[in-house]
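Given the coordinates of chain A, work out where chain B should sit on it, guided by the hints.
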Amino acid sequence: MTCEEAEVLVHALIDGELDAGHAREVEAHIEGCAHCAALMKEYQEIRQAIAESDVRYKAPLELRRKIEKALPQPQTQAQAAPSRRSVLRGFAMGSAVSAMAATGLVAIVLRSDDEQRIENEVVSAHLRSLQAGHLIDVVSTDQHTVKPWFNGKLDVSPPVIDLTAQGFTLIGGRLDYVNAREIGAVVYKRRQHVINLFVAQTANTERKSAKISTLQGFNIRRWSDRGLNYWAVSDLGADELTEFGDKFESAMRANKEG
Amino acid sequence: MVVNASQDDPEKARRFREAALPYLDDAYTLARYLLRDAADAEDAVQECYLRAYKHFDSYRGPAMKPWLFAILRNVCRAEYARRKTAPTAVEELPEGGEQTPLWNEAPETPEKQLLRRFDGDTVRKLVAALAEPFRETFVLREIQNLSYREIADVAAVPVGTVMSRLARARAMLRSAWLAEQEQVK
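Order-wise, the sequence lines are chains A and B. If you read the first sequence in this note's numbering, its first letter stands for residue 17, the second for the next number, and so on. If you read the second sequence in this note's numbering, its first letter stands for residue 1495, the second for the next number, and so on.
Since the hints were made in silico from the structure, they are not lab data. What you are looking at is a predicted structure, and each value in this text was computed from that prediction instead of being measured. Even glycine gets a Cβ: it sits at the ideal position worked out from N, Cα and C. Wrong hints could be hidden among the right ones.
Chain B regions said to be covered by chain A (calculated; three or more residues, Cβ under 8 Å) [claimed, not checked]:
(1) 1504 to 1510
(2) 1540 to 1551
(3) 1569 to 1576
(4) 1631 to 1640
(5) 1644 to 1652
(6) 1656 to 1662
This is chain A alone, in the form it adopts within the complex (with noise of 0.2 Å):
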């Protein structure tokens, strides 16, 4: 085999293409042949850098708002909120964005194979926060600038709590989306640590206490509060993301009680 050979099937020998007869004689050229080795040291070193470097691009927000508002929506109910029944069944369909997005009231009901699915998905939306200009849509660390702005850009503006003085600081707020429909996510460090606490509506008001469940190395502190569902997202280790929830709930209810 001539180097000028090699060098073209060296790369379906990378991509594991090359049927077994081709890759042992390219093998065997570049046992004997110090260059073209060199070249597949190289060119297998790029390819490991460019698949652990951030090379890739998230799809804006508005663009998967134009494609969703494009399509056809779910069946919608009659003006009437939906029974609790037709909720669940809308879930079963694999549907999130169900009768209830024509009425108004837009609900996250969840049944437990649902659950790991929205964990799933709130991961990734996490991780997406984490590239390059994707974190924040509102940059503040002002409670009363970042509440104002999710006003009218959600059926419901999640509440936005300052704990700084806990030791967590609000660095801002940002739309995503989650389980097919757009949500919010306030925004909190805590040393070089990403929080991205996720607020979802639900129709279910029954109060639900944390739970904490690690996926894909992220530890998740998920809860139910009058109406909203949460989910705190961050590397921080579960007693901190722990610690960071009881925070926040300690001061939701002092906000309700002041």
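Only chain B this time, still in chain A's reference frame:
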């Protein structure tokens, strides 16, 4: 972007959402590399999803991603054609790009030298600077992880062409990588 009434089928829309929307970031990434312009990429992806929805009835699988990409690629090619007639046409090939023999582009490097690692922005820039059709082949392989067969289907060329384009794309990228490395030294 409006879908006409005969296609206003919520069940179809639901299946389409589930099948196609998870690839939105992938499609947008491909469009960014093909068109090298954020606004054009956004338009192209939107058009791609509209067309995909229209043809969703005839979709038989197996893989959604290459199917979407084939549509997206056609949309992007229409955009190239438009640009060619526009005053600010983007040059597709640097002069002689296709003719340069592969192995002349591979200067010797000291064997022990490791390639330098660059940040994401630099790598994006290097990939985006590759000439077409090598950039397309490269992005489909290295960023989208498609097989040669899938790339051949998306680009409507034989598998052998995919292999030779990829070889050239990697050789070009390697040269650009070494040049960048030289520059920042």
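Here is how each hint holds up against the structure:
1. 1504 to 1510: holds (count 5)
2. 1540 to 1551: With 4 residues in contact (Cβ-Cβ under 8 Å with chain A), the coverage given for the stretch 1540 to 1551 of chain B holds.
3. 1569 to 1576: Violated - the stretch 1569 to 1576 of chain B has 0 residues with a Cβ nearer than 8 Å to chain A, which falls short of three.
4. 1631 to 1640: holds (count 3)
5. 1644 to 1652: With 0 residues closer than 8 Å to chain A, the stretch 1644 to 1652 of chain B misses the three-residue bar; violated.
6. 1656 to 1662: Since 4 is at least three, the answer is holds.
Hint compliance for this structure: hints 3 and 5 are broken, all remaining hints hold.
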